[in-house]
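For the protein sequence lines, the chains are A and B, in the order given. Its first residue numbered 1, the first sequence is counted upward by one per residue in our numbering. Its first residue numbered 1001, the second sequence is counted upward by one per residue in our numbering.
No wet-lab data here; the hints were simulated from the structure. Check before you lean on any hint, since a few could be wrong.
[As the list claims (entries may be wrong)] Cut-off 16 angstroms, straight-line C-alpha distance, at most; resulting in silico cross-link-like pairs (EDC-like, lysine to aspartate or glutamate):
hint : chain 1 : residue 1 : chain 2 : residue 2
1    : B       : K1007     : B       : D1037
2    : B       : K1331     : A       : E248
3    : A       : K238      : B       : D1037
4    : B       : K1214     : A       : D121
5    : B       : K1190     : B       : D1056
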Amino acid sequence: MKIVVCIKQVPDTKGGVKFNPDGTLDRGAMLTIMNPDDKAGLEAALRLKDQYGAEVTVVTMGLPKAEEVLREAIAMGADKGILVTDRVLGGADTWATSQTLAGAIRNLEYDLIITGRQAIDGDTAQVGPQISEHLGIPVISYAQKIQIEGDSVIVERQYDDRYHVLKAKMPCLITALAELNEPRYMTPGGIFDAYNAEITVWGRANLVDVDDSNLGLKGSPTQIAKASDKVRKGAGEKVVLDPTESVEYIVDKLKAKHVI
Amino acid sequence: MNIQDYKGVFVFAQQVDNVLSGIALELVGKGKDLAKDLNTEVTAVLVGSGVKGLADELAEYGADKVIVVDDPELKEYRTEPYAHALASVINEFKPEIFLVGATAIGRDLGPRVSARIHTGLTADCTQLDIGDFPINPVPGKEQLHNQLLMTRPAFGGNTIATIACPDFRPQMATVRPGVMQKAPREAGKKAVVVDFNPGFTPNDKYVEILEVVKAVSDVADIMDAKILVSGGRGVGSPENFKILEDLAEVIGGTVSCSRAVVDAGWKPKDLQVGQTGKTVRPNVYFAIGISGAIQHVAGMEESDIIVAINKDETAPIFEVADYGIVGDLNKIVPALTERLKAELAAK
């Protein structure tokens, strides 16, 4: 079985968020990590490899520095890493990103493609389903359990108030939730392998069946009209009241906000 | 694509088990406002099996027109037939705006549809306006009017971006549930109902549903809750979480907790909010006996309203709370539960 896992290098926005004195985001001070949902997707692929035997190829699109997450993935147990990087791919929205990744994946053989549900910098959850659409294969989003049965994959797909057990014929694309599993650590042998591993680097010329008009900033249907650092809310009111008054205070506030 | 051919505001009227989801009515409400600004109509797109009866409810909440795509293949949500339904509706009726809820269904369906018809999709919007793009005139660039300006949080909620989709139609957005307001219900109001079936022929992209399990897993639970009653070490004991559970029950909320509570073995990890737990954004977050370590705050500061109860007036939780009460949770919480019980019973 051949599995392709799409991963992204992201700033560590959760917990490790750093701010400048003026309250804006201090991006330079933030560490980069493998996006958590993607790491769960990689772990899911590695478990399928352990259980059924598989070749796991990790693909990332980004700046040359994104090679770091490919090496981390190899240290965890992935077999091959492909970095898709090119100046003309910069500024891509989800449409152009999914076109790029689909164009790269068309070079590869695959039974299964796994992506994270969403990246913690953009939070869109769009790229996985969009890649599947460009490749003309089924998608199962929000996977919480994955099994293989013959030429099909059986997945528990989470919804708000239920889950569906779905069966799809491979090839198929699955998007993984960070809650899917607890990703393994890199092994010393894996780190050694990762250090020596050759990372394949692809640019625009390596993308298959993608028109220039669908790439980068120029190929992005959505455009940013305005972006601003969020004004942080800061402290509200603080009161010291006896219990009865406290209850009245809370109830008044909940009423004013139409909660009750 | 001739942009002038695209007219009207369309919304996806999500239903589950033939009951309209709240987001469907919220989108009709917001769609109505946008349609007014554009001097056009709002159309709800109802997709399912045996769902035509829901058209009246959509009409009473403001839909001018309802397009019904009714087919046995659409009984339970599956990506492919639903994407086919919406893409076919868009190709046939050519709306200028198409809104979908940012639910577990809509966040799967939206990108599949936008990729099929080649347009942009802005995720998880919290504000939608009609305006100019660019917002301020730029020399040498035509300023377009009557554009959908879609505003959303990004970077883990640390930045806010407003997005436009000037060159493609429809302008598509998924919209966060609970943010837009429903219009008041007008009993007896009718809409124009149009049946439309593009034909559904199963292929390899149709997945097979083996089982539908209607049990909420804890994994989804606290992330989807509208109200969270969250307890920390200050609650004192696992038994004492009873007073939080009582409050949660009365107000229709869910109990969650801080890391200290999980580390002490009082509650399972699935209920943990924070950096090493879950990130939650409920409408109301009660932080009860939670000191508010930065790792906890990172997981809940995006909540719409934060109410903190803590006996330590220097607790950092008060730095993010909208309403902070310095006091004894053992006295305040049970009294609050009783008061809310009476309040809600009177309604």
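Handout entry: Structure versus earlier hints, numbers of those that do not hold, lowest first
Key = Hints 3 and 4 are the ones this structure does not satisfy, whereas the remaining hints hold.
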